[in-house]
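There are 2 protein chains.
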Amino acid sequence: MTSGNLRLYSFWRSSAAYRVRIALNLKQLAYEIEPVHLVKDGGQQHTAEYSELNPQEFVPVLMHGNRILRQSTAIMEYLDDTWPEHPLLPAVPRDAQRARAIAQMIACDIHPLNNLRVMKYLESQFGANQAQKDEWMKHWISVGFEALEKVLANNPSTGSFCEGDTPTVADCCLVPQVFNAVRFKVSMKPYPTIKRINDECCGMEEFKNAHPTAQPDAE
Amino acid sequence: MTSGNLRLYSFWRSSAAYRVRIALNLKQLAYEIEPVHLVKDGGQQHTAEYSELNPQEFVPVLMHGNRILRQSTAIMEYLDDTWPEHPLLPAVPRDAQRARAIAQMIACDIHPLNNLRVMKYLESQFGANQAQKDEWMKHWISVGFEALEKVLANNPSTGSFCEGDTPTVADCCLVPQVFNAVRFKVSMKPYPTIKRINDECCGMEEFKNAHPTAQPDAE
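Just so you know, the protein sequences line up as chains A and B, in that order.
According to my numbering, the first sequence holds residues 1 to 219 in order.
According to my numbering, the second sequence holds residues 1 to 219 in order.
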């Protein structure tokens, strides 16, 4: 599909960037990757040039031509608004609401608590050591997944994917969060529905090509 | 406007509930308030009955008839999808993207870090005292407002409100966050654009009627 000119400022391991990579792949939109290394040189997201693009100094930023698009879930909405084919949201408002709510359970209530900047602040304000930081990380993922499992399990709206039988914004958020959970050794045993949906997604080319290890800047 | 049957599970001081109250008022939709006291009895959001409604045990939940709607920003999208009059989002995709991105800057990257459950966990995991918790709170609001001020200031898309001259989801998120900032004694001096927009909003009936102190459960 003709996408105009899409350039994604991305870091291979960033879950917010991973979400947008999945969304772009699901929509079959071509894009270039512009790597921003979040650790090297004290974090390339803090350069004056990048800070101009995004004053939050976060990835991702999606450039559509000269248009600067920030915030992963707002970027996904824009993709659907701009290119209606291969929708990331169900057509029925109540189903779209549920898909968005699941996305927000992850994007608001799990991920931001586990951000790099939060880990750094726990270190500087409370002298947190590695074990305490890992514990913090696992705590918020577990609390979030416990609620999410309840929302997904035994609900007739849950299908092969979080909402119905087509991947939505909810799955774009779920898969990167499970990747993070596994990285931090959170057991997926208590979350069989999350695990089942994640496995389903991970079998698809669109998700495989968005995976951190498949990125040009992977280490 | 006929709204069917809308019932909002709300706590007067919750900023996520405050967002949805503003949104409902802007859309001129009638609704009933069902108070959920987040502190009394160890938090009424933790009862089995409420946890059934929302496994995250957060307010707000909006009931539309028997339909359970969770997550404030996903609820606002549903209101626009269901009742197109008095839209909370601009019609042009790039403007809608910007409004949503501003909403997410607050809903993802400021508010969840300052949630009650996070304060409690800082206490239990790091023995944080009141001064340290206040410092934590102010830190994330300040970091967030600094970026937000840059996004809003000197940008031709910013009008009387965050995006253009009509209130959007961005303003629904901004005003409750400023209320919180003032409550935690964050000076608004470094953020003149945020302050100007907040003042504009606070002059409107729709925002006044959504204010924490105007709620039936205000203390």
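It is worth saying that the hints were derived from the structure and are not from the lab.
Remember, predicted model here, so these are calculated numbers, not experimental data.
Wrong hints could be hidden among the right ones.
Given that identical chains are not distinguished, each listed pair holds provided it fits within a single copy or across any two copies.
[To be verified] Once the Cα atoms are required to be at most 20 Å apart in a straight line, the calculated SDA-like pairs of lysine to any residue come out as:
(1) K150 x Y50
(2) K150 x H46
(3) K120 x Q132
(4) K120 x E135
(5) K133 x S160
A quick look at each hint next to the structure:
1. In this assembly of identical chains, K150 and Y50 lie within 20 Å of each other by CA distance solely across copies; the values are 13 Å between and 39 Å within a copy.
2. In the homo-oligomer, the alpha carbons of K150 and H46 lie at most 20 Å apart only across protomers (15 Å), although the nearest pairing inside one protomer, at 39 Å, exceeds that limit.
3. In this homomeric assembly, K120 and Q132 come within 20 Å of each other (Cα to Cα) both inside a single copy, at 12 Å, and across copies, at 16 Å.
4. Proximity of K120 to E135 under the C-alpha cut-off of 20 Å is found in both arrangements, the shortest distances being 14 Å within a copy and 15 Å between copies.
5. With identical chains, the CA atoms of K133 and S160 are never at most 20 Å apart, being 34 Å at best within one copy and 42 Å at best between copies.
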